[in-house]
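Enquirer: Chain by chain, the residues:
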Amino acid sequence: EAQVTQNPRYLITVTGKKLTVTCSQNMNHEYMSWYRQDPGLGLRQIYYSMNVEVTDKGDVPEGYKVSRKEKRNFPLILESPSPNQTSLYFCASSQGAGQGWYEQYFGPGTRLTVT
Amino acid sequence: AQSVTQLDSHVSVSEGTPVLLRCNYSSSYSPSLFWYVQHPNKGLQLLLKYTSAATLVKGINGFEAEFKKSETSFHLTKPSAHMSDAAEYFCVVSNTNAGKSTFGDGTTLTVKP
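Taken in order, these protein sequences are the chains called W and F. According to the numbering used here, the residues represented by the first sequence are 1 to 115, in order. According to the numbering used here, the residues represented by the second sequence are 1001 to 1113, in order.
Excised from the complex, chain W in its bound form (with noise of 0.2 Å):
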């Protein structure tokens, strides 16, 4: 079955404890992203990825890291989190662009609260 992965599906934790969000897609999509809702603010991009080794920064970066090494994976990095992190995450994967973008496939989210 085609999906996207994300593993915590919940997560509590404190301020300044390092946490990794893992990301994995089995479609063999060279596009990856990450995005956070919150209420009323739709969701925001943190990071891109265009295949292994290319990511760039979305609208939201900052205090997050993320790395593409494999191509199925993705992980998100928060190295120090902090309480305005506290949000639902979502992975998303896609073909990525032909004469138009094709649609994101997103995880079922990850649920983050730090105190």
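Hints are supplied without guarantee of correctness; some may be wrong.
[To be verified] Subject to a maximum C-alpha distance of 20 Å in a straight line, what follows is the list of computed SDA-like cross-link-like pairs (lysine to any residue):
hint	chain 1	residue 1	chain 2	residue 2
1	F	K1042	W	G40
2	F	K1042	W	T115
3	F	K1100	W	P75
4	F	K1100	W	T115
5	F	K1068	F	D1085
6	W	K57	F	S1003
7	F	K1042	W	T86
8	F	K1112	F	Q1002
9	F	K1058	W	Y102
10	W	K57	F	K1100
11	F	K1100	W	R44
12	W	K57	F	Q1002
13	F	K1100	W	Y102
14	W	K57	F	A1001
15	F	K1100	W	N51
16	F	K1042	W	P108
17	W	K65	W	P8
18	F	K1042	W	R111
19	F	K1042	W	P39
20	W	K17	W	T115
21	F	K1042	F	D1085
22	F	K1042	W	P8
23	F	K1042	W	K69
24	F	K1042	F	K1068
25	F	K1100	W	V52
26	F	K1069	F	Q1002
27	F	K1042	W	S24
28	F	K1100	W	E103
Hints listed in this document are in silico derivations from the structure and should not be mistaken for laboratory results.
Position chain F against the provided structure of chain W, taking the given hints into account.
Expert: Relative to the frame of chain W, chain F by itself:
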């Protein structure tokens, strides 16, 4: 640069009546436009997309949208609302040759019996 404005944060309709969710966009390049739906406590699902082919796009569950370049709009419509359509809807713009995707703030659709 690109942006998306969903003109209504909440829309309420009665079951069986038409649905209109409005979206305006701005883009420096030829845009690809999408509508996604998110049901409560669920992930996001693609409803339909526009990628420079036909300007009237049909999607799943009876939804359709029309791309109007002169008005920079991509409004979502459905002739007859169903209770199962109650959800949050997001309009999204992506630029060809760039990796940025911009979501609107979302429109919550309520369907009254």
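Enquirer: If a hint holds in the structure, say so; if it does not, say that too.
Expert: Verification of the supplied hints:
no., hint, result
1, F:K1042 to W:G40, "17 Å, holds"
2, F:K1042 to W:T115, "25 Å, violated"
3, F:K1100 to W:P75, "18 Å, holds"
4, F:K1100 to W:T115, "30 Å, violated"
5, F:K1068 to F:D1085, "24 Å, violated"
6, W:K57 to F:S1003, "16 Å, holds"
7, F:K1042 to W:T86, "18 Å, holds"
8, F:K1112 to F:Q1002, "35 Å, violated"
9, F:K1058 to W:Y102, "16 Å, holds"
10, W:K57 to F:K1100, "9 Å, holds"
11, F:K1100 to W:R44, "10 Å, holds"
12, W:K57 to F:Q1002, "15 Å, holds"
13, F:K1100 to W:Y102, "13 Å, holds"
14, W:K57 to F:A1001, "14 Å, holds"
15, F:K1100 to W:N51, "14 Å, holds"
16, F:K1042 to W:P108, "7 Å, holds"
17, W:K65 to W:P8, "17 Å, holds"
18, F:K1042 to W:R111, "12 Å, holds"
19, F:K1042 to W:P39, "15 Å, holds"
20, W:K17 to W:T115, "10 Å, holds"
21, F:K1042 to F:D1085, "13 Å, holds"
22, F:K1042 to W:P8, "16 Å, holds"
23, F:K1042 to W:K69, "29 Å, violated"
24, F:K1042 to F:K1068, "30 Å, violated"
25, F:K1100 to W:V52, "17 Å, holds"
26, F:K1069 to F:Q1002, "14 Å, holds"
27, F:K1042 to W:S24, "18 Å, holds"
28, F:K1100 to W:E103, "13 Å, holds"
In summary, the structure is inconsistent with hints 2, 4, 5, 8, 23, 24 from the numbered list given earlier, while agreeing with the others.
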